[in-house]
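Colleague: Construct all of the structure, not just a fragment, from the sequences and the given hints.
Sequential numbering from 4 applies to the sequence shown in the numbering used here.
One thing to keep in mind: the hints can contain errors.
[Said to hold, decoys possible] Derived DSBU-like pairs: lysine-lysine, alpha-carbon spacing no greater than 35 Å straight-line:
hint, residue 1, residue 2
1, Lys73, Lys60
2, Lys40, Lys60
3, Lys59, Lys40
4, Lys62, Lys40
5, Lys73, Lys62
Just so you know, the hints here were simulated from the structure itself, not pulled from any lab data.
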Amino acid sequence: MENQGKDKSALERLLQVLQDKEYPVKRWKGRALTGRKLAIFLDLYVQTGNLSKAAKKAKIDRGTLYFYVKHDPEFAAIFD
Numbered sequence: 004m005e006n007q008g009k010d011k012s013a014l015e016r017l018l019q020v021l022q023d024k025e026y027p028v029k030r031w032k033g034r035a036l037t038g039r040k041l042a043i044f045l046d047l048y049v050q051t052g053n054l055s056k057a058a059k060k061a062k063i064d065r066g067t068l069y070f071y072v073k074h075d076p077e078f079a080a081i082f083d
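Modeller: This is the structure:
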């Protein structure tokens, strides 16, 4: 899931779609993926091109991101 030259403006447009979306809390994780956290993660992902590093710096469990990649087509589009 490395960032392979993904257009930054495309990520910014996608962020606008996802930013207001409140992702449900996975009970065992205890926190929702908010638009603010998503914005931080996406900014770091654009900078690093690495999902794991960006997730760690944004304080989002990497498993949470993979869950949403699997279950949300809009979210998965970030990594296409």
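Colleague: Hints first: check each against the structure and report whether it holds.
Modeller: A quick look at each hint next to the structure:
no., hint, verdict
1, Lys73 x Lys60, "holds (22 Å)"
2, Lys40 x Lys60, "holds (10 Å)"
3, Lys59 x Lys40, "holds (11 Å)"
4, Lys62 x Lys40, "holds (8 Å)"
5, Lys73 x Lys62, "holds (20 Å)"
Of the numbered hints given earlier, the model fails none.
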